[in-house]
Every structure is written in structure tokens, then in C-alpha cells.
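Peer 1: Sequence:
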Amino acid sequence: MPHFPRQSVLLACLIPVLFTACGKSQEAKHVPPPPVSVVTIQPANVPMIYEAVGQTAGYREIEVRARVEGILLKRTYTEGKPVKEGQLLFQIDPAPYRAALDQARGVQAQAKAQLEKARLDKERIVPLYQENAVSKKDYDDAFAAFDTATANLDSASARLQEAQINLDYTNVVAPIGGMASKINVSEGSLVAPTANGGLLTTIAQLDPLYANFSFSEADQLSMQRGQQDGRLIPPKNRNFEVELQLADGSSYSKRGHVDFADSKVDPTTGTIRARAIVPNPDGQLLPGQFVRVRLHGATIKDAILVPQRSVLQQQADKIVLVVNDKNVVEVRPVELGATHGNDYVVAKGLKGGERVITDGVLKAKPGSPVTIAPPAAHASAPAAR
Numbered sequence: 001m002p003h004f005p006r007q008s009v010l011l012a013c014l015i016p017v018l019f020t021a022c023g024k025s026q027e028a029k030h031v032p033p034p035p036v037s038v039v040t041i042q043p044a045n046v047p048m049i050y051e052a053v054g055q056t057a058g059y060r061e062i063e064v065r066a067r068v069e070g071i072l073l074k075r076t077y078t079e080g081k082p083v084k085e086g087q088l089l090f091q092i093d094p095a096p097y098r099a100a101l102d103q104a105r106g107v108q109a110q111a112k113a114q115l116e117k118a119r120l121d122k123e124r125i126v127p128l129y130q131e132n133a134v135s136k137k138d139y140d141d142a143f144a145a146f147d148t149a150t151a152n153l154d155s156a157s158a159r160l161q162e163a164q165i166n167l168d169y170t171n172v173v174a175p176i177g178g179m180a181s182k183i184n185v186s187e188g189s190l191v192a193p194t195a196n197g198g199l200l201t202t203i204a205q206l207d208p209l210y211a212n213f214s215f216s217e218a219d220q221l222s223m224q225r226g227q228q229d230g231r232l233i234p235p236k237n238r239n240f241e242v243e244l245q246l247a248d249g250s251s252y253s254k255r256g257h258v259d260f261a262d263s264k265v266d267p268t269t270g271t272i273r274a275r276a277i278v279p280n281p282d283g284q285l286l287p288g289q290f291v292r293v294r295l296h297g298a299t300i301k302d303a304i305l306v307p308q309r310s311v312l313q314q315q316a317d318k319i320v321l322v323v324n325d326k327n328v329v330e331v332r333p334v335e336l337g338a339t340h341g342n343d344y345v346v347a348k349g350l351k352g353g354e355r356v357i358t359d360g361v362l363k364a365k366p367g368s369p370v371t372i373a374p375p376a377a378h379a380s381a382p383a384a385r
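Anchor point for the sequence shown: position 197 equals 197 in the UniProt record's numbering, and the numbering is continuous, going up by one each time.
Don't read these hints as lab results, they were simulated from the structure. Any given hint could turn out to be false.
Derived lysine to any residue pairs resembling SDA-like cross-links, with alpha carbons at most 20 Å apart [claimed, not checked]: (1) Lys182 / Leu199; (2) Lys348 / Ala316; (3) Lys254 / Ile49; (4) Lys182 / Lys363; (5) Lys351 / Val331; (6) Lys136 / Asp147; (7) Lys81 / Lys182; (8) Lys318 / Pro287; (9) Lys81 / Ile62; (10) Lys84 / Arg60; (11) Lys182 / Glu63; (12) Lys348 / Asp168; (13) Lys363 / Val107; (14) Lys301 / Pro47; (15) Lys318 / Gly341; (16) Lys301 / Pro43; (17) Lys122 / Asn132; (18) Lys301 / His340; (19) Lys236 / Ala100; (20) Lys318 / Arg355; (21) Lys74 / Asp168; (22) Lys136 / Arg124; (23) Lys351 / Gly230; (24) Lys363 / Pro34; (25) Lys363 / Val331; (26) Lys122 / Phe143; (27) Lys351 / Pro47; (28) Lys112 / Thr150; (29) Lys117 / Arg105; (30) Lys301 / Ala44; (31) Lys81 / Arg105; (32) Lys81 / Ala204; (33) Lys117 / Asp147; (34) Lys182 / Ala95; (35) Lys236 / Thr299; (36) Lys348 / Ala218; (37) Lys182 / Pro287; (38) Lys122 / Lys81.
All of these numbers come straight from a predicted model, not from anything done at the bench.
Take the sequences, apply the hints, and build the full model.
Peer 2: Next comes the structure, spelled out in C-alpha cells:
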């Protein structure tokens, strides 16, 4: 067996390895830039939608109270069901008030009789006084008696009217149409027109309905600044259209409008109270529901939009990756505004014409070149705006 020097054997083993390493090094030098998809930023006017958490409330919520004292004999409505204006709801024992009405009628009849007698006495005494057949005192007394009888009749008539009103109050009727709540006291209880003992039930008018909500002081300032510098165009007459999103995520079919916004900030919450009025003809909405209030009508002028998937988190900052005119990746910190569909409105950090990476973000490295994929290769990306 031939004998080769150790150095020759070692060199023979290393030569293939060196050639392999050199091949890999040459390969690495020729790796093409990774392909990415981009969207070219084009400013455009986009609708601005403000959102807030709200709660529905009856358009009018009325407390139905006893206006006379007595035993509550019966309830005549179905709890939790709609009632009509003027519908009988409760009956309070009318017997004492019927008796009081009869008594008032008797007093009025007496007063009428006394007035008639005083009128006749006055008519008789006038000619007698003219003939000096009676004294001046008798003459004055007759006229005074007539005036007193007239006043007594007026008083008796007023008491009769009061007695009739009290009797009518024993029939408690609905002051408005709406949804009647449960009874507050049991039938057979003594009720009275007092703060604690007079509440019988409540009625909420459901059509239309209110949606109460609040917005932050920061939102108010942002809106004001946007209007001042011309970036935000409010709706005509500031008449915001209101959409309600229900608890299951569905959108309520009827649109309303904002009818009130407070002129001061609540110091306990730092928010400004507002209210929308919404049609509710079918009674689908009930007072007390939590809803998401969406205000439509404002427009952001020349807005910069980027897809939400393009926005990355870098420590405390939001960034996007921009491809410059040399096809090199740059990091761009951005300040985000509201969402618009699947996009963010960019308040600061981008300008029209710049290219933002939408797909291939993980392959793109800041400072490194990339290849822009043709539009057909990233048809799912948002269209250039």
C-alpha cells in the first residue's frame, strides 16, 4: 500500500470544503432583494365617523302618581305593555269623593237660594228707600247681604268644582302613550299624593327614543382644530346623522340625528354630554339599552390612509415601512387618527406619493433594497388612493 505524507492527505480533504464555502459565499452575494407589495399614498376626502358608547332613554319618562288619598282598588293595564294616552290605569276608592261631591252640590244649592233671597230683598228695598220708608242702614244692609250671597255662591261653586276634580282623580289615566312599567304598590294599599306614597308606575314614550352619550374634551378640541385649519369639514348646519350599533353588533335600521350637545365639560368625567333622537316606530329599542353611537356627516379633507396591516409597533411608537425612490426601505414613525374601514387615517408622518409596504413586511429590513411586486402579484392589497 502506497504511503502518502500526512500534509498531502489533509490538503486533499480541505480542497473540496474550501470550494464549497467559496460557492456559498458567491451565492450569498447574489441573493436578490426580497419582493414586497406596496400601496402608493394618494390624499382623498374621506368620511369621518365619530364613535361613542351610549345608552337609550325614553323620549319622555313620566311618573304616574296618585293625586288623591284613598285605597287603590285595582290596576286596569297590563304591566310592561304599551298604553294609550288617556287610558285608565288605576282606580282609587271613589266613595268618599262622591259623598264630598254631593255635599258640595248641597252647599252650592243653599248658596244659590241665599243669593236669590238677597236679590229680592235688594230689589224691594230700593223703591222703599227712595220713598224714605226705610233707613239708610237697612238699604246698605240689603246691598251688603246681596254681595255676601254672591261671594258665598262663588265659593260654593269652587268647592263643588274641587270635589268633582278629586272624584275624577280617583280614575288614574295615562298622561301620555308609551310603555307602562310594573305597579309600584299593591292593590288594596293606601295611596296618597306624597313624595313617598304617591308613585304608582312610570310610562316611557318609546317613539322617538333618546340615545345619550358623551365625547371627550380631546375629541372636542380635535374637531375644533380640524375645522379651523380646514382639514375637517362638518356636516351642513352641524346636523350629524346618527347610526346605532346594537349589542349583537348589528346596525339599527333607522337613522337619527344629534339634537343636543352640552356647553360645558363635566368636571367629574372630563366629558361633554350629548344626545341623539332616533325613530322607534316598531318599539325595537327599549330604554336602558347600551348601544354604540356612530356620528356620520363630517369629512376629512385630503386624508392620508394606510392599511391597518401596514402599521407596526416599535416600542411606544407606531411605524410604517416606506420604500424610497431608490427602492430602499425606510422606517417612518406615524401619528394615527381614526379608523376608516380597514385603514388608518394618518395625522402625521406621511405625505402623498409615498409608497408604504403592505405585504412582505417581515422580509423588508430598514436600509436594505427591496423589489416592488407587480400589481397582479398583490391584488389583495388596497388600491392606490
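Peer 1: In ascending order, which of the hints set out earlier in this document are inconsistent with the structure?
Peer 2: Structure breaks hints 4, 8, 12, 13, 19, 31, 34, 38.
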